[in-house]
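Chains as they are written, first to last, in our numbering: chain A, 1 to 324; chain B, 1 to 324.
Any given hint could turn out to be false.
A pair holds if it fits inside one copy or across any two, identical chains being indistinguishable in the list.
[What the hints assert, rightly or not] Derived lysine-lysine pairs resembling DSSO-like cross-links, with alpha carbons at most 30 Å apart:
1. 11 <-> 106
2. 290 <-> 106
3. 106 <-> 170
4. 106 <-> 96
Derived by calculation from the structure, the hints in this document are not laboratory data. Just so we're clear, the structure is a prediction, and the values are computed from it rather than from any experiment.
2 protein chains.
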Amino acid sequence: MTIQEVFNLHKGDLQRMEFQLKDNLRSSVPLTFEMGDYLISGGGKRLRPLLLMLSARLSGYSGGNETLLCTIVEFIHMASLLHDDVIDAATVRRGKTSANAIWGNKASILVGDYLSSKALHMAVQLKDPRITATLAEIITLMSEGELLQLLSTGDVDVTEERYLNIIRHKTAILISGACRLGGLLGNASDAQVQALADYGMQIGLAFQIADDALDYCAVEQNLGKSLGKDLSEGKITLPLIHLLSSCNETENSQVREIIYADSPSESELRYILDLMNRYRSIEYALGRAKEIAESGTRALSVFNSSPELESFYAVAGYVVEREL
Amino acid sequence: MTIQEVFNLHKGDLQRMEFQLKDNLRSSVPLTFEMGDYLISGGGKRLRPLLLMLSARLSGYSGGNETLLCTIVEFIHMASLLHDDVIDAATVRRGKTSANAIWGNKASILVGDYLSSKALHMAVQLKDPRITATLAEIITLMSEGELLQLLSTGDVDVTEERYLNIIRHKTAILISGACRLGGLLGNASDAQVQALADYGMQIGLAFQIADDALDYCAVEQNLGKSLGKDLSEGKITLPLIHLLSSCNETENSQVREIIYADSPSESELRYILDLMNRYRSIEYALGRAKEIAESGTRALSVFNSSPELESFYAVAGYVVEREL
Chain A
1 MTIQEVFNLH
11 KGDLQRMEFQ
21 LKDNLRSSVP
31 LTFEMGDYLI
41 SGGGKRLRPL
51 LLMLSARLSG
61 YSGGNETLLC
71 TIVEFIHMAS
81 LLHDDVIDAA
91 TVRRGKTSAN
101 AIWGNKASIL
111 VGDYLSSKAL
121 HMAVQLKDPR
131 ITATLAEIIT
141 LMSEGELLQL
151 LSTGDVDVTE
161 ERYLNIIRHK
171 TAILISGACR
181 LGGLLGNASD
191 AQVQALADYG
201 MQIGLAFQIA
211 DDALDYCAVE
221 QNLGKSLGKD
231 LSEGKITLPL
241 IHLLSSCNET
251 ENSQVREIIY
261 ADSPSESELR
271 YILDLMNRYR
281 SIEYALGRAK
291 EIAESGTRAL
301 SVFNSSPELE
311 SFYAVAGYVV
321 EREL
Chain B
1 MTIQEVFNLH
11 KGDLQRMEFQ
21 LKDNLRSSVP
31 LTFEMGDYLI
41 SGGGKRLRPL
51 LLMLSARLSG
61 YSGGNETLLC
71 TIVEFIHMAS
81 LLHDDVIDAA
91 TVRRGKTSAN
101 AIWGNKASIL
111 VGDYLSSKAL
121 HMAVQLKDPR
131 ITATLAEIIT
141 LMSEGELLQL
151 LSTGDVDVTE
161 ERYLNIIRHK
171 TAILISGACR
181 LGGLLGNASD
191 AQVQALADYG
201 MQIGLAFQIA
211 DDALDYCAVE
221 QNLGKSLGKD
231 LSEGKITLPL
241 IHLLSSCNET
251 ENSQVREIIY
261 ADSPSESELR
271 YILDLMNRYR
281 SIEYALGRAK
291 EIAESGTRAL
301 SVFNSSPELE
311 SFYAVAGYVV
321 EREL
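This is chain A alone, in the form it adopts within the complex (with noise of 0.2 Å):
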């Protein structure tokens, strides 16, 4: 199964998903319906809400709740994209002008302090403790994973233990939480919500590794601009920290004296590049991802085989090779 089919198989879920984020966007302040609409035409991936979706439908849900708590996952993942943006003083999201460029950093903040309490608010509505418990916990990792992120910017001595606990709490947790969630609406057993849990944890930390790695790879054909910017903000992923880990004492040095720099020379990126073509950087952190991925879906292995089964193993495939 592709990608595609999974989405196409999901259609009119994912679609009554987005009018519900629209109309739970109508409150009492326009300014967050106008900013909310702006995020959401902007488009992204729906990979929470999809993973959530097929956790319900594996567990054998179909109540009708699966569209509410998908809305609440976005909006969280929303409040969140809007506050790393402030942090990040990005200018750019999806390749559209980034919300904090538009309407500032004030109404960003307030408007993904809005979001995140907005979608705990809806959460407690379904009066299950289990989701408003899992939800809380959520985003309390999640904000402790940008606090550590923060606090390890510039660090490069950042280990790939480090890196990947930053990007646990920065995007696993949430994707976990979303195929834990869809397993506890549908009531699935202890050790299965587990395992949704563990392959969302898994595909959450090859996503982000993937993503990262992808950034070295887009830079090819842009150079400098989104690897400078994240090199000059102290941002080290997993080709960096590889490279780093395998390049001998001299080019070490050098690549240390480029990433303190304050904006690095586009022979000085190149340099970077070719030692990561040399050392096979990007493709150890692929690899990693892909590994991750796989391990994400032999936890799935206490369901038995079905057609919404695949469904999960075309996700696991996706979030490694897109865009390849």
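Start from chain A and add chain B according to the hints.
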């Protein structure tokens, strides 16, 4: 009963709350503890924990969870202060350098996010859906209020009604929520819980009106500093609303011109203060605060008289008369 006697009466309770406040700040990220500890040691009136305690006691509660709930409410308050100071680009809070001025806006945004999500996470562990629902509603309404305030910034035509709506969200809802939570803990009747929430709402409004009016009194000693800041930020509070609706047309357009100016001069500020003295605008605002606080105490008539009830009256008097 004086406010000091009220605080003395609950000294043990409040000390336990202070202890738990610090204890709950210890998370995996040391920065949270450092910033949280700085905020806590900055003092603050602890009005919200005090009212929560009092409401729990008035409702006959002695179970022990009130300390945790006080911490939760204080975390939500701290989170909103952190984000407020970033929004307002504040450099001072309660006479000390503000957290954002020390650790930067990024850390303030993220630690604010953390404290507010942690608060809900702790609340969920109490396993009382009424408490979770109350808190989720509070933080949603508070963030709506912050947005309302942002959108009305610099709007000279803000009415008293709209100003009250802003401070209701910004301040009164959390204070009202603290009272409601105390009532819920004690399993007070619906009418009693509502009475406590009504009292808290009115006390919260009165507190903020008085706070805003006192800014104009304090300025007499230290002309221009805070008043100038509020005006150049476009914060329109009750004394100014009263002045604009009381003065003649010439004065009105002169005041508007000063408000619209980027940074008003000392003589311009003096002009506004003189007009306020002439039209008794600060007295008007403090008079409104008193009226509203009194209507708050009337809401408590559903309770039989008791020493606990006396404490509520003392708090109502304190919020409108402090530091005058």
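Hints and how they fare:
{"no.": "1", "hint": "11 <-> 106", "in the structure": "neither (36 Å within a copy, 38 Å between copies)"}
{"no.": "2", "hint": "290 <-> 106", "in the structure": "neither (39 Å within a copy, 33 Å between copies)"}
{"no.": "3", "hint": "106 <-> 170", "in the structure": "both (22 Å within a copy, 16 Å between copies)"}
{"no.": "4", "hint": "106 <-> 96", "in the structure": "both (19 Å within a copy, 23 Å between copies)"}
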